[in-house]
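Q: In order, the protein sequences belong to chains H and B. Counting in our numbering, the first sequence runs without a single skipped number right up to 318 at its last residue. Counting in our numbering, the second sequence runs without a single skipped number right up to 636 at its last residue.
Calculated directly from the structure, the hints in this document are not laboratory data. Certain hints may be false.
When the alpha-carbon atoms are kept at most 25 Å apart in a straight line, the in silico PhoX-like pairs for lysine-lysine are as follows [stated by the list, open to error]:
| id | chain 1 | residue 1 | chain 2 | residue 2 |
| --- | --- | --- | --- | --- |
| 1 | H | Lys-262 | H | Lys-305 |
| 2 | H | Lys-71 | H | Lys-98 |
| 3 | H | Lys-202 | B | Lys-511 |
| 4 | H | Lys-121 | B | Lys-502 |
| 5 | H | Lys-202 | B | Lys-520 |
| 6 | B | Lys-582 | B | Lys-624 |
| 7 | H | Lys-258 | H | Lys-184 |
| 8 | B | Lys-389 | B | Lys-416 |
| 9 | H | Lys-121 | H | Lys-193 |
| 10 | B | Lys-389 | H | Lys-193 |
| 11 | H | Lys-46 | H | Lys-75 |
| 12 | H | Lys-75 | H | Lys-98 |
| 13 | H | Lys-202 | H | Lys-264 |
| 14 | H | Lys-184 | B | Lys-439 |
| 15 | B | Lys-416 | B | Lys-393 |
| 16 | B | Lys-520 | H | Lys-193 |
| 17 | H | Lys-306 | H | Lys-264 |
Owing to the predicted nature of the structure, the values given are computational and were not obtained by experimental measurement.
There are 2 protein chains.
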Amino acid sequence: MEVSLNEAAAWLLQQQDITILCHQSPDGDTLGSGSALCRALRRLGKHAQVLCCDPVGSRFSFLFAGMEEQKFEPKTIVSLDVADEQLLGELQPVYGGKIQLCIDHHPSNTHYAQRYHVEPKAAATCEILCSFLPLLGVPLDEPIAEDLYTGIITDTGCFQFINTTPHTLRMAASLMELGVPSHKINRAMFATKSRQRLELEKQALNHIEYYRNGRIAVIPLTYAMVQQTGASDDDTDGIANIPRSIEGVQVGITIKEKSDGKIKVSLRAQPPVNASVICSRFGGGGHPGAAGCAMIGCNMEEAMKKIVAATADYLEKL
Amino acid sequence: MEVSLNEAAAWLLQQQDITILCHQSPDGDTLGSGSALCRALRRLGKHAQVLCCDPVGSRFSFLFAGMEEQKFEPKTIVSLDVADEQLLGELQPVYGGKIQLCIDHHPSNTHYAQRYHVEPKAAATCEILCSFLPLLGVPLDEPIAEDLYTGIITDTGCFQFINTTPHTLRMAASLMELGVPSHKINRAMFATKSRQRLELEKQALNHIEYYRNGRIAVIPLTYAMVQQTGASDDDTDGIANIPRSIEGVQVGITIKEKSDGKIKVSLRAQPPVNASVICSRFGGGGHPGAAGCAMIGCNMEEAMKKIVAATADYLEKL
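Isolated chain H, as found in the complex:
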């Protein structure tokens, strides 16, 4: 059932031994909201831990600084920023059907949890937590503010994306006043690229393909290409924003081949195009501006043909 933030807080205050679940391929928002809630619950004297099926990228490890491991048998399961149980990845078989509270901002949230609070207009789940944590009676302090600030800037591209509202900017201002080293975090999230990442960008720029009079731009990242540059998963993430940034491009597509041959597609779109709708044709989802899907049972070339055809079809009907 749908719950208000007040109802969610009242319920959570009654619970003990809480496991917080993040989505697979974790980003700053799922990890930042996870670490912030975990810190808040521990400050209330509760046992709490954050779980994710994938490892936390090195640039996000600061979010868990000083947070010691706690061993306990979980009695309460909460998910944050997880739009669908499928996105729990390898944790789905363990926790699927058992999630008691979900707080999220994805419009595509499938309401799988026993209690859910979804705010599709919030820029980030961390933005919702700025209002939620005080309802638990936990005042925001510097480490929590750092977690929340990180989630907000990673989901808004440092206040650049269309989801940024005046409320987002004011929340961030308040977090900065709690002592968040905002410039240091901004730099780590956006302004720092490894040499490997730069090498990968060069490769990406060399391989861009345009379709439909330049309305669609595609970057294919083969496994060999990524290996050759020495780039990490973290490095490849930012590449997805490049094709959409080109003048005249409405849909930017990045197709990435993983080590096991699986194909992952990232779509970035300009309004009025809804990237989530295109990805839903292949069982994926996300936001209007940014969505993703997995292409099963095909190679890079076939995947590219399929996604370009689906996108062109969508654009034609628009």
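With chain H held as given, fit chain B onto it using these hints.
A: Just chain B, lined up with the frame of chain H:
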């Protein structure tokens, strides 16, 4: 003499026929503050115009939308975001020594104007104008808010740079509430690249040189290279941020050869390095994080040697 914003407003309200000067190679802040003040003065029934020695880049032309030319003999000269009279370029011989009011945020401002108001902690001159224009009795409306928002985001890298304060974010939130199409402006300023610009980035990535164990990174942009890609001055501007963004780089240097063979150097630095100090050795200046200078009487290779040597010397003494 130094004046408060209140004193500057009281004085300006007494003046007529006002020419507003911007700095050469105009950016969003000098143009945004110029157009905002011009609109405000006209709303008070005064004659006002904005002048710059260089043409306004196409992506900034929206700042002057609906602003008809006014012909009048200027009785009052104001400069905005101009740290030194030298930066008036070809307008210096005409207006040098005659500037009656300067509003600026550059710490390196040389106090050349008869009245000056400099706030080194303001993220942008446009941020100062958010407080100044209401003192003229002009409420901020949508077109003025658009001008001011543009200056703030261009000088802060969309709230990413170290000059961004909680006050900056709150001002921007208020401007958004006046109806500024923030996402559209963000995209035009930051997220849209011409194909020529992408081509130039590829070239830049191919020509990066590293010095002093990767603490200095240099991108040389020859005139031929820029010509070959078809990139404009606007396109080349953003390249300057690339070398500083590389992991481990403390000083990023971009050296650009202009059509007349003149060499322009842009420095970007990480704290504690002060880019302005290095550029001042060559008669340039700017902010700690971003500064520039012209290298006179030398070719690309010599310019690169000189600036790298000066930077290495600075780093050694740090």
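Q: For the pair we were handed, Lys-121 (chain H) and Lys-502 (chain B), check the Cα-Cα distance against 25 Å.
A: holds, 18 Å
Q: Are the Cα atoms of Lys-262 (chain H) and Lys-305 (chain H) separated by 25 Å or less?
A: holds, 16 Å
Q: Quick one, are Lys-389 (chain B) and Lys-193 (chain H) close enough, alpha carbons at most 25 Å?
A: Distance of about 50 Å is beyond 25 Å: violated.
Q: Decide if the proposed pair is consistent with the structure: Lys-46 (chain H) and Lys-75 (chain H), CA atoms, cutoff 25 Å inclusive.
A: Holds, at roughly 11 Å.
Q: Between Lys-202 (chain H) and Lys-511 (chain B), is the straight-line Cα distance small enough, at 25 Å or below?
A: Given that 25 Å is the threshold and the Cα spacing comes to 15 Å, the pair holds.
Q: Keeping to a limit of 25 Å between CA atoms, is the pair of Lys-202 (chain H) and Lys-520 (chain B) held or broken?
A: holds, 6 Å
Q: Is the straight-line distance between the alpha-carbon of Lys-258 (chain H) and that of Lys-184 (chain H) 25 Å or less?
A: Since the Cα atoms of Lys-258 (chain H) and Lys-184 (chain H) sit roughly 31 Å apart, the hinted pair is violated (cutoff 25 Å).
Q: Holds or violated: Lys-121 (chain H) and Lys-193 (chain H), Cα atoms, limit 25 Å.
A: Violated: Lys-121 (chain H) and Lys-193 (chain H) sit about 30 Å apart, past 25 Å.
Q: For the pair supplied as a hint, Lys-306 (chain H) and Lys-264 (chain H), is the alpha-carbon distance within the 25 Å limit?
A: holds, 13 Å
Q: Verify the proposed pairing of Lys-184 (chain H) with Lys-439 (chain B), using a straight-line Cα cut of 25 Å.
A: holds, 18 Å
Q: Given the hint that Lys-71 (chain H) pairs with Lys-98 (chain H), does the C-alpha gap stay at or below 25 Å?
A: holds, 20 Å
Q: Under the criterion that the straight-line Cα-Cα distance not exceed 25 Å, is the pair Lys-582 (chain B), Lys-624 (chain B) satisfied?
A: Between Lys-582 (chain B) and Lys-624 (chain B) the Cα gap is close to 13 Å, so the pair holds against 25 Å.
Violated hints, in rising order: 7, 9 and 10; the structure is consistent with all others.
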